[in-house]
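Asker: Next come the chains, spelled out residue by residue.
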Amino acid sequence: MNTLKYQSQAVAKPYFIFAMILFVGQILFGLLMGMQYVVGDIVGDLIPFNVARMVHTNLLIIWILFGFMGSAYYLVPDEAETELYSPKLAIALFWIFVVASVATILGYLLVPYSRLAEITYNELWPTMGREFLEMPTITKIGIVVVVLGFLFNLGMTILKGRKTAINMVLMTGLIGLAVFFLFSFYNPVNLALDKLFWWFVVHLWVEGVWELIMGAILAYVLIKVTGVDREVIEKWLYVIIAMALISGILGTGHHFYWLMTPEYWQWVGSIFSALEPLPFFAMVLYAFNMVNRRRREHPNKAATLWALGTAVMSFLGAGVWGFLHTLSFVNYYTHGSQITAAHGHMAFYGAYAMIVMTIMSYAMPKLRGIGEANCNKAQVVEMWGFWLMTVAMVFITLFLTGAGILQVWLQRLPESGEALSFMATQDQLAIFYWLREIAGVFFLLGLICYISSFFVTEKKTA
Amino acid sequence: MSESFTKGMARNIYYGGSVFFFLIFLALTFHTVKEMPKRDHRENITEAVERGKMLWEVNNCIGCHTLIGEGAYFAPELGNVYIRRGGEAGFKPFFNGWMKAQPLNIPGRRRMPNFHLNDQELDDLAEFLKWTSELDTNNWPPNIEG
Chain A
-9 MNTLKYQSQA VAKPYFIFAM ILFVGQILFG LLMGMQYVVG DIVGDLIPFN
41 VARMVHTNLL IIWILFGFMG SAYYLVPDEA ETELYSPKLA IALFWIFVVA
91 SVATILGYLL VPYSRLAEIT YNELWPTMGR EFLEMPTITK IGIVVVVLGF
141 LFNLGMTILK GRKTAINMVL MTGLIGLAVF FLFSFYNPVN LALDKLFWWF
191 VVHLWVEGVW ELIMGAILAY VLIKVTGVDR EVIEKWLYVI IAMALISGIL
241 GTGHHFYWLM TPEYWQWVGS IFSALEPLPF FAMVLYAFNM VNRRRREHPN
291 KAATLWALGT AVMSFLGAGV WGFLHTLSFV NYYTHGSQIT AAHGHMAFYG
341 AYAMIVMTIM SYAMPKLRGI GEANCNKAQV VEMWGFWLMT VAMVFITLFL
391 TGAGILQVWL QRLPESGEAL SFMATQDQLA IFYWLREIAG VFFLLGLICY
441 ISSFFVTEKK TA
Chain B
396 MSESFTKGMA RNIYYGGSVF FFLIFLALTF HTVKEMPKRD HRENITEAVE
446 RGKMLWEVNN CIGCHTLIGE GAYFAPELGN VYIRRGGEAG FKPFFNGWMK
496 AQPLNIPGRR RMPNFHLNDQ ELDDLAEFLK WTSELDTNNW PPNIEG
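Order-wise, the sequence lines are chains A and B. In terms of our numbering, the first sequence opens at residue -9 and continues consecutively. In terms of our numbering, the second sequence opens at residue 396 and continues consecutively.
Derived by calculation from the structure, the hints in this document are not laboratory data. All values reported here derive from a predicted model rather than from experimental measurement. Glycine residues also receive a C-beta, built at the ideal position from the N, C-alpha and C atoms. Please note that a few of the clues may not be correct.
With a cut-off of at most 25 angstroms between alpha-carbon atoms, the simulated DSS-like pairs for lysine-lysine come out as follows [said to hold, decoys possible]:
| # | chain 1 | residue 1 | chain 2 | residue 2 |
| --- | --- | --- | --- | --- |
| 1 | A | K150 | B | K487 |
| 2 | B | K402 | A | K153 |
| 3 | A | K367 | A | K449 |
From the derived model, a few chain B residues whose C-beta atoms are all more than 10 angstroms from chain A [to be verified]:
| # | residue |
| --- | --- |
| 4 | G485 |
| 5 | N491 |
| 6 | W493 |
Not close to chain A: a few residues of chain B, all C-beta gaps over 10 angstroms, as computed [to be verified]:
| # | residue |
| --- | --- |
| 7 | F417 |
| 8 | A467 |
| 9 | G482 |
| 10 | A484 |
| 11 | P488 |
| 12 | F490 |
| 13 | G492 |
| 14 | M494 |
| 15 | N513 |
| 16 | Q515 |
| 17 | D518 |
My request is simple: use the sequences and hints to build the entire structure.
Answerer: Written out as structure tokens, the structure is:
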């Protein structure tokens, strides 16, 4: 059955599928790292922690990028009311990105990192070995090529079609993503400058332009599942992203407190990042408001659940858990502790993992030719996946927060001489790490449930 | 939201607000970069420090450790390790011995790999950590344990 309005939207499907494969890999490596936290030699020297972590975080970044690309290929033609400029280019870029990602991850796993740096001629243009930007320079160039081709394809589509607010906001976010990624090529010898501009990628991505992408995708899905007037939804979208950028740009200051920077960042960063929860709070109000004012009963209940879920969880993870340690006098004690890890996990899951699964939930039944929605049985399994993963993530976050508070208490608050050393403190946190690992297993069960929902079909009664 | 507040008004706040605050951000960043030489002591970046930073990067030290609070939270902070482990008198001998003793093979303990660095490379890495410990971080970390 053909259920797509524009046939070229179909290119989104491989992007979504591959994103989910990488997501499974990300979680498996997360579980391995969780074990290494408590049983340090669990796999001996086979996969050192730094390798597992690099695989865990890079898989996350890559699968979210695949998810964003799939989302854009799906929604841009629909919004622009025209076929995609070049479906062939989209598929070619898909394979280039797949090969580059797989080769990079295998490189991490199969050879020592310093050897990978040699093989890829890192010394010609050193960009490796910085957190989240560990990929070889050649992979970074590959990402730029793929993203430029992707933007060209979308840009040409929008130019010949309808220019909706959702498409324009999505494009602005994606162009911002490309522009700020260029800072990953700047790696000065002076660590002070290196660290300052490293945040131009990391912060201005996740607390800046990615929020535009998230907002646009959420607005699109809300229009589809609630049938609320576009004018109303787009007005909310502008208000939310205005708040996001007004607070988030100067909010970058909360990373500059301890970086060879003038003290005024402690004021600027504290004040503006204290406002960063507001757009997420507005997103919760808006998502619930729109669903309550719905003009149709969309058969895809799971997609609506994801849309509400991503709003709530991003508010908790990015908004509340971000605020917990963002004020400079708090951050002085919590910086680089398990509190940071707690916030990172829930924020990434709530905002970016969940927004991708939101649009997947809406789009996959159409991409697979099933219709407006999956059968009831498949939706029930999908919602089990939603709740298991989401509740597990709440517990992961709570246990890491517990670990973080105790860590600050033992290691950071006492004076030199009385404070426990890092390693001695870690031993005291073991119970929290075990509980986090158990919650992690539940997260994996949720993910298995979610993935299996794609294979559930209702028996036709003859 | 009230009907009198239109989509156009919301859009203008978005464009105007983001451009305005982005320009402020650029201005503050420009000022910060101009102020930085007073705090990062870049005149002390020798060739050894430069090679040390490269070694820090190509061995992915940030994958376990933090450096001034940024990185992984699996292994100790190294921004002030030079001070914590002996400083001028004791750091280099300690560091050389420590790196060569890895992996420690204590059952259940987190394992640091052996990176097979030679004495010259270990000295370069130590110089990088020494320079890093002298950066003005607005008094972070709160105590010697990092």
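Asker: Each of the hints needs a verdict: does it hold here or not?
Answerer: Here is how each hint holds up against the structure:
1. For the proposed pair K150/A and K487/B, the alpha carbon gap of about 65 angstroms is over 25 angstroms, so the pair is violated.
2. With a C-alpha separation of about 15 angstroms, the suggested pair K402/B and K153/A falls inside the 25 angstroms cut-off, and the hint holds.
3. Pair hint K367/A plus K449/A holds up; C-alpha atoms about 10 angstroms apart against a cutoff of 25 angstroms.
4. At roughly 17 angstroms from the closest C-beta of chain A, the C-beta of G485/B stays outside 10 angstroms, upholding its exclusion from the interface.
5. With a minimum CB-CB distance of about 19 angstroms to chain A, N491/B clears the 10 angstroms threshold, and the non-interface call stands.
6. No beta-carbon of chain A is positioned within 10 angstroms of the beta-carbon of W493/B; the least distance is around 13 angstroms.
7. At roughly 5 angstroms from the closest C-beta of chain A, the C-beta of F417/B falls inside 10 angstroms, breaking its exclusion from the interface.
8. Residue-level check failed: A467/B sits 5 angstroms from the nearest beta carbon of chain A, not beyond 10 angstroms.
9. The Cβ of G482/B sits about 13 angstroms from the closest Cβ of chain A, beyond the 10 angstroms cut-off, so the non-interface label holds.
10. With a least CB separation of 18 angstroms from chain A, A484/B remains clear of the 10 angstroms interface cut-off, as annotated.
11. No Cβ of chain A approaches the Cβ of P488/B within 10 angstroms, the least distance being about 20 angstroms, so the stated non-interface status holds.
12. Interface exclusion of F490/B from chain A stands, the closest Cβ pair being 16 angstroms apart, more than 10 angstroms.
13. For G492/B, the condition that its CB be more than 10 angstroms from all CB atoms of chain A holds, with the nearest at approximately 17 angstroms.
14. No beta-carbon of chain A comes within 10 angstroms of the beta-carbon of M494/B; the shortest separation is about 14 angstroms.
15. The Cβ of N513/B sits about 13 angstroms from the closest Cβ of chain A, beyond the 10 angstroms cut-off, so the non-interface label holds.
16. Every CB of chain A is more than 10 angstroms from the CB of Q515/B (nearest about 15 angstroms), matching its label as outside the interface.
17. Listed as a non-interface residue, D518/B keeps its Cβ farther than 10 angstroms from every Cβ of chain A; the least gap is roughly 17 angstroms.
Of the hints listed earlier, those the structure fails to meet are numbers 1, 7, 8, in rising order.
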